[in-house]
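Student: One letter stands for each residue in the lines below.
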Amino acid sequence: MAAPHVGRDEPARPRPLLTLRPSRGWTALNLGEIWAFRDLLFSLAGRDLKLRYKQTALGVVWVVLQPLLAAGVFSFVFGTVAGLPSGGVPYFPFAFAGLLGWNFFSNALTKVGGCLVSNSQLISKVFFPRLILPLSSVGSGLVDFAVTAAMMGVLLGIYHIAPGVGLLLFPVWMLILTAIALGVGLGTAALAVSYRDVQYILPVALNILLYATPVAYPLEKVLEKVPERLRGVYLFLNPLAAPLAAMKASLLGTPMPTAGSLVVSAATAFIVLAAGVFAFKRMERSFADVI
Amino acid sequence: MSSSANGSSGDVAISVRGLSKAYTITHEGDRPSTLAETVLRRVRHPFQRAASETFWALHDLSFDIRRGEVVGVIGRNGAGKSTLLKILSRITEPTRGEVDLFGRVGSLLEVGTGFHPELTGRENIFLNGAILGMAKSEIRAQFDAIVDFAGVEQFLDTPVKRYSSGMYVRLAFAVAAHLNPEILIVDEVLAVGDAEFQKKCLGKMKDVSSQGRTVLFVSHNMSAVRALCHTGILLKGGQMLMQGPAQNAITEYLRAATDAAGCSAESDYLRLSEVRISQADMASTNTVIFNTAAEIHLHLEAKRTLDNLAIVVHLRDANDVHVASMCSPEEGHLPFDLRAGKCVAIRCRLDPVRLMPGRYSLSVYAFRPYDPVAYLSAERVRDFEVAPAVLPGGMWPYGVENRQHGLLRLADTVEMEL
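These protein sequence lines map, in sequence, to chains A and B.
In this text, residue positions in the first sequence follow our numbering: the first is 1, and each later residue adds one.
In this text, residue positions in the second sequence follow our numbering: the first is 292, and each later residue adds one.
Hints in this document: simulated from the structure, not taken from any laboratory.
None of these values were measured; they are calculated from a predicted model.
Keep in mind that a hint or two might mislead.
[What the hints assert, rightly or not] Label pairs and their computed distance ranges (CB to CB): (1) B:Ser564 / A:Gln121: 29 to 37 Å; (2) B:Gly528 / A:Leu206: 17 to 25 Å; (3) B:Arg387 / A:Ala146: 46 to 54 Å; (4) A:Gln121 / B:Val612: 45 to 53 Å; (5) A:Gly83 / B:Glu328: 43 to 51 Å; (6) A:Pro203 / B:Thr315: 46 to 54 Å; (7) B:Arg431 / A:Leu31: 24 to 32 Å; (8) A:Ser120 / B:Lys427: 21 to 29 Å; (9) B:Ser353 / A:Arg24: 48 to 56 Å; (10) B:Thr315 / A:Val81: 53 to 61 Å.
[Stated by the list, open to error] Which chain A residues face chain B? A few, computed with CB under 7 Å, are given here: (11) Arg52; (12) Phe76; (13) Val117; (14) Ser120; (15) Asp289.
Yeah, the Cβ is synthetic: ideal placement off N, Cα and C, and Gly gets one too.
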């Protein structure tokens with residue numbers, strides 16, 4: 001007999017393992033439960049990766065090829081045609097370093113934003129902490145990022161660029177980008193359950209944001225044009241700008257944005273993430289009924 | 292089973308108190324489906340809410356299920372069975388009430404949820420296991436047993452899109468069958484695959500219950516419920532009609548729709564005093580089980596003497612499409628004479644009922660050969676329903692509502708070669 005004979009000799013009822021009742025208002029973020037479902041998190045991230053590389057002739061090469069081509073176009077347009085400075089390094093690795101961070105952000109946000117709708121079958125038929133889906137989307141995005149980062153390493157070798165101790169701070173910039181992608185993505189994903197048009201807005205917004213953010217051009221060029229007292233506002237409105245510039249600085253030794261600008265970005269990222277998580281948790285209970 | 296005999300309250304596995312679930316139905320055309328539309332409407336009519344209605348899928352349900360009990364949850368479509376299972380398996384929240392669960396719940400609401408056609412059998416076992424809540428180590432430990440149960444050894448590294456539907460279903464069920472929760476919730480998934488595999492599944496389910504685990508089982512397949520369950524819960528319109536021994540619940544379910552009214556008709560010549568449908572141990576029912584034998588009983592009384600009489604029974608579906616007919620001469624009874632005041636009882640045995648699940652009506656006519664006069668014309672004198680069912684080897688139950696499978700199963704055995 002595998003079943004425990006709880007309370008057989010006691011007159012009182014044993015405590016239930018779990019009580020289901022309607023939840024009201026804000027619900028707690030149950031991290032313990034997410035940890036209990038970690039195998040599902042890895043399995044779903046693994047599924048995404050396997051599916052992406054199955055039945056493609058070039059497989060993993062695509063992950064590298066796309067930023068290589070884009071970096072080529074950017075270094076021609078911004079470097080050669082517009083003649084923008086690139087902080088003392090050749091324009092091609094400069095543009096590629098920018099795209100390394102940007103592609104991670106853009107992929108993660110797109111995947112997180114669509115993760116509920118594309119897994120509607122799972123949501124209506126199986127229980128698991130719903131946060132597992134966006135987290136696994138970020139996880140599979142991190143694997144793609146690792147592949148592109150390896151290509152970045154190759155480029156650094158080719159151009160004889162040695163990153164300094166600034167490289168140690170790289171994970172911090174990644175953390176800021178992840179927090180923003182997850183925060184915006186969670187809100188988008190939850191809204192997309194009821195309103196599918198959110199999914200069409202996202203690619204358009206990302207396309208505009210790519211040019212509004214110093215990905216392929218240096219942050220200093222923008223800050224030069226922004227009046228001193230509005231710089232904080234700019235960095236708050238586009239929290240991607242500083243960490244992306246900091247990524248380039250960590251990798252290539254280009255000028256590091258000021259500590260103040262990075263703190264503004266980190267604070268904004270935290271607010272965005274908290275808002276995203278709260279919105280997601282708030283709408284979570286009706287996902288299975290509405291989707 | 293031994294523990295279910297123990298009546299102490301400490302043996303409760305699931306305790307449901309005052310459980311209700313409401314869905315809001317927004318009327319079609321009123322419902323904004325895009326964000327832009329919603330925002331526009333809010334701006335134009337800031338205080339007006341879209342017209343909506345509250346639909347109670349479950350209403351004030353209370354019951355206890357004891358540890359080790361195998362419970363069949365039965366009821367017509369829309370009775371609230373699936374909603375109940377969804378709440379118990381935590382997919383959706385109750386609107387009111389509480390459920391206490393005394394043990395880990397594993398649920399299987401659909402075979403192969405999360406199976407991906409592009410992934411191989413091996414990859415899908417791990418993915419599906421994780422989706423059903425198994426840890427990787429648990430799946431690894433059970434891997435060989437799962438593969439063996441499904442019988443797909445040679446195809447483990449083939450994408451499941453190349454599997455036959457039988458193999459697919461077997462593999463999907465095999466993963467779920469190796470879940471080891473204390474409370475197992477299963478929705479109409481047992482009756483999949485071929486007969487041999489079904490037997491295997493039933494055996495597996497019996498094993499599960501004999502290990503003292505609690506099973507909640509929704510099915511339209513009454514023979515599976517009868518074979519498997521100790522007790523039954525009968526739902527109707529979101530409320531519980533009864534909880535009791537499985538056999539009683541099944542009988543009650545089949546009897547629920549029976550009404551004796553409006554089953555007679557007469558003409559100047561004949562009186563039809565009884566139109567009754569019976570099946571197995573039920574003398575009168577309005578619901579028959581698909582693919583099992585049923586009988587139609589007619590009782591005719593002659594007001595005037597008639598000779599050379601033939602009886603015709605027509606079957607029509609809910610859309611009044613004439614599906615089939617039975618005529619006494621064609622079924623081997625020469626036209627007969629009936630003297631005034633005399634009665635005749637006619638019994639029509641259909642073995643098995645091949646009408647697809649759905650609503651039908653019976654019409655009864657009396658004719659004489661080469662005579663255009665209808666001596667009795669009892670149109671749609673009795674309605675009956677063929678209960679939703681899972682066809683042998685079928686993957687999904689055939690419901691009453693959808694007519695995508697046609698009206699009639701063509702033959703008892705169809706020899707299809709592949």
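Student: Next, verify each hint and record whether it holds.
Tutor: Status of the hints after comparison with the structure:
Judged by the Cβ atoms, the range 29 to 37 Å given for B:Ser564 and A:Gln121 is violated: they are separated by roughly 54 Å. For the pair B:Gly528 and A:Leu206, the beta carbons lie near 48 Å from each other, so the given range of 17 to 25 Å is not met. Hint check: B:Arg387 to A:Ala146, Cβ distance near 48 Å, so the stated range 46 to 54 Å holds. For A:Gln121 and B:Val612, the hinted distance range of 45 to 53 Å is not satisfied, since their beta carbons lie about 35 Å from each other.
Between A:Gly83 and B:Glu328 the CB atoms are about 47 Å apart, so this pair conforms to the stated range of 43 to 51 Å. Distance hint for A:Pro203 and B:Thr315: a CB-CB separation of about 31 Å, inconsistent with the stated range 46 to 54 Å. At roughly 26 Å, the beta-carbon separation of B:Arg431 and A:Leu31 lies within the given 24 to 32 Å, and the hint holds. Hint check: A:Ser120 to B:Lys427, Cβ distance near 25 Å, so the stated range 21 to 29 Å holds.
Under the hint 48 to 56 Å, the C-beta atoms of B:Ser353 and A:Arg24, about 22 Å apart, miss the expected range. One distance hint, 53 to 61 Å for the beta-carbon pair B:Thr315 and A:Val81, holds here, with the actual separation near 57 Å. For A:Arg52, the interface hint is violated, since its Cβ never comes within 7 Å of a Cβ in chain B; the closest pair sits about 10 Å apart. Look at A:Phe76: its Cβ only gets to about 37 Å from chain B, farther than 7 Å, so that hint breaks.
For A:Val117, the interface hint is violated, since its Cβ never comes within 7 Å of a Cβ in chain B; the closest pair sits about 13 Å apart. Among the interface hints, the one on A:Ser120 is violated; its C-beta lies about 11 Å from the nearest C-beta in chain B, farther than the 7 Å criterion. The beta carbon of A:Asp289 comes within 6 Å of a beta carbon in chain B, closer than 7 Å, and the hint placing it at the interface holds.
When each numbered hint is compared with the structure, violations occur for hints 1, 2, 4, 6, 9, 11, 12, 13 and 14.
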